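A.B. asks: Sequence:
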Amino acid sequence: MPLFGPPNVAKLAAKRDVPGLIKALGYQKDASVREAAAEALGGIADARAVEPLAAALKDQEWAVREAAAVALGRIGARAVEPLILALEGEEGVVRTAAAGALGQIGDARAVEPLIAALKDPDWQVREPAAGALGQIGGARAVEPLVAALKDPVRNVRDAAVAALGQIGDARAVEPLIAMLKDRNVDMRRAAAGALDSLAWRPDRGAAGAAYWAARREWGKCVQIGAPAVEPLIAALKDPDKDVRKAAARALGQIGGVPALEPLIDTLLDQDEDVRGAATGALGQIGVPAVEPLIATLKDGKRGVRVAATAALGQIGAPAVEPLIATLKDQEGVVRTFAARALVQIGDARAVEPLIAALKDPEKYVRIDAAEALGQIGAPRAVEPLVAALKDPEWDLRRVAAEALGRIGDTRAVEPLITALRDQDKDVRTSAAEALGQVGDARGVEPLIAALRNPDSGVRRAAAEGLVAMYPGKLETVQRQRILTQRVVITKKHTDSLPSSDCGSHEDVGIGVDFPV
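36 is the number that the numbering used here gives to position 36 of the sequence shown; each next residue is one higher, with no gaps.
Certain hints may be false.
[As the list claims (entries may be wrong)] Here are the computed lysine to aspartate or glutamate pairs in the EDC-like style, where the Cα-Cα straight-line distance is at most 20 Å:
| hint | residue 1 | residue 2 |
| --- | --- | --- |
| 1 | K301 | D242 |
| 2 | K15 | E61 |
| 3 | K241 | E230 |
| 4 | K301 | E352 |
| 5 | K237 | D196 |
| 6 | K58 | E91 |
| 7 | K119 | E143 |
| 8 | K301 | D347 |
[Stated by the list, open to error] Per label pair, the in silico range of CB-to-CB distance:
| hint | residue 1 | residue 2 | range |
| --- | --- | --- | --- |
| 9 | S456 | G205 | 38 to 48 Å |
| 10 | P361 | A317 | 26 to 36 Å |
| 11 | K298 | R452 | 47 to 57 Å |
| 12 | P454 | G346 | 51 to 61 Å |
| 13 | G106 | Q253 | 40 to 50 Å |
| 14 | G346 | K298 | 18 to 28 Å |
| 15 | D455 | D240 | 31 to 41 Å |
| 16 | A77 | R171 | 48 to 58 Å |
| 17 | K150 | E272 | 34 to 44 Å |
| 18 | S197 | Q253 | 22 to 32 Å |
| 19 | G303 | G106 | 47 to 57 Å |
I should point out that these hints are in silico values taken from the structure, not numbers from a laboratory. Since this is a predicted model, take the numbers as computed values, not measurements. Heads up, the beta-carbon is just placed ideally off N, CA and C, and yes, glycines get one too.
Whole structure, please, built from the sequences with the hints as guidance.
C.D. replies: What follows is the structure, given as structure tokens:
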């Protein structure tokens with residue numbers, strides 16, 4: 001006697017054997033066979049399967065009931081009535097599948113049942129019901145969907161937002177604008193997308209600012225200005241660190257006291273880059289931010305301390321004392337930025353600490369300290385800067401020469417003349433420029449000699465230094481000729497120089513051609 005196994009659903013589906021699949025839908029020994037048969041009937045979408053699938057909505061296994069609801073949705077209009085009945089059933093998973101299926105069919109008969117489903121106790125039914133109403137459309141669904149924007153479950157609110165965007169009714173504009181302030185970032189973004197679908201155009205007020213913040217168009221927020229502060233403050237709590245960082249930067253660009261406290265709070269953000277952005281923003285706000293920035297100088301992350309020093313440099317004089325203290329930070333890069341900030345400020349109170357920093361073990365600290373001393377122009381710094389002309393680092397020697405030129409003290413003349421023979425061409429160039437700035441007659445002869453230097457940059461600096469020392473007496477051929485063709489110091493012009501300055505000029509730099 002032959003043995004009969006379960007129906008082969010795959011073969012039946014391949015043959016598009018609707019009667020055979022309907023029979024398999026009733027196979028009671030194995031629920032997986034019934035589920036597969038329902039799925040296959042949905043794929044074929046033959047109207048003959050409507051009644052068997054409707055009956056399967058009462059199957060003892062929820063997976064079969066769900067598959068039957070989905071299959072009915074694929075069949076189309078003839079399945080609407082059974083699906084409406086399923087939408088009112090007891091099984092949540094079946095109601096969910098029925099709601100989705102009715103949206104797929106798009107029949108207006110389902111609008112009222114779906115509106116009722118927006119109040120279903122199971123949010124997993126409310127969500128597809130909202131989505132289905134968006135697919136079907138119609139003015140009748142607008143008000144219930146607007147009410148669904150207040151659903152306690154985010155997924156339902158999200159589905160309602162999307163549905164209102166699909167329907168495109170102008171009554172949804174104001175409720176969607178209100179959703180731009182939703183506590184959830186994804187909801188705010190979804191509301192912005194729905195407003196796009198409604199052809200709404202953002203203004204330059206609070207609504208427009210909230211819209212651009214939701215779209216993460218930070219530059220637009222900055223353009224709007226003060227109205228954008230509130231949505232940007234909300235963005236400081238976004239789960240995405242890049243959003244928090246961008247929002248902090250935008251707040252700094254807009255400025256104003258209202259952003260101060262939120263940015264101060266952001267200094268405690270768990271992400272170092274966000275704290276750094278908040279620090280920079282506080283620097284742009286200015287004096288009111290000095291105290292919190294000083295506190296940030298003790299942050300455990302050096303990147304944050306670096307940002308704090310840079311921000312304090314932007315603020316200016318009120319930040320000098322804390323920046324001086326930061327010249328003793330344990331990290332060289334932080335000390336470097338503190339010195340750079342003091343360069344920017346140029347306050348005389350920093351002279352002694354900067355002189356001490358000329359001996360810092362980190363060369364970039366020494367370089368920035370030298371530059372700062374030149375910017376401040378303190379005579380007290382001349383001797384320490386002269387000592388720095390012997391530093392093993394060529395770039396410090398260069399900056400020290402430049403600083404001595406800015407200060408303009410004659411005590412620097414002999415050391416600068418010596419620096420004209422430095423092994424590094426950039427140091428020689430800076431020394432020549434500095435001698436011109438100091439303007440002491442002792443520098444003339446060495447500068448004339450430097451006109452024969454094999455390096456064009458040194459020759460250029462020597463020529464310009466001589467012009468600077470004797471304006472109106474020592475003239476040169478047009479600057480371009482000096483730089484590209486030849487350096488000419490004529491007998492007429494050298495004769496106008498004091499003899500004690502130049503000695504004999506018959507064989508010194510007169511009409512000499514130099515290769516460039």
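A.B. asks: None of the hints should be skipped; say for each whether it holds.
C.D. replies: Here is how each hint holds up against the structure:
1. K301 - D242: Holds. K301 to D242 sits at ~18 Å (cutoff 20 Å).
2. K15 - E61: violated, 27 Å
3. K241 - E230: holds, 18 Å
4. K301 - E352: Violated, at about 28 Å.
5. K237 - D196: This hinted pair is violated, its Cα atoms lying about 25 Å apart.
6. K58 - E91: holds, 9 Å
7. K119 - E143: holds, 13 Å
8. K301 - D347: violated, 27 Å
9. S456 - G205: 38 to 48 Å: Because 59 Å falls outside the window, the suggested range is violated.
10. P361 - A317: 26 to 36 Å: holds, 29 Å
11. K298 - R452: 47 to 57 Å: holds, 56 Å
12. P454 - G346: 51 to 61 Å: violated, 37 Å
13. G106 - Q253: 40 to 50 Å: Between G106 and Q253, where Cβ atoms are some 47 Å apart, the hint holds.
14. G346 - K298: 18 to 28 Å: holds, 26 Å
15. D455 - D240: 31 to 41 Å: With a Cβ separation near 53 Å, D455 and D240 fall outside 31 to 41 Å, so the hint is violated.
16. A77 - R171: 48 to 58 Å: violated, 29 Å
17. K150 - E272: 34 to 44 Å: holds, 38 Å
18. S197 - Q253: 22 to 32 Å: holds, 30 Å
19. G303 - G106: 47 to 57 Å: holds, 55 Å
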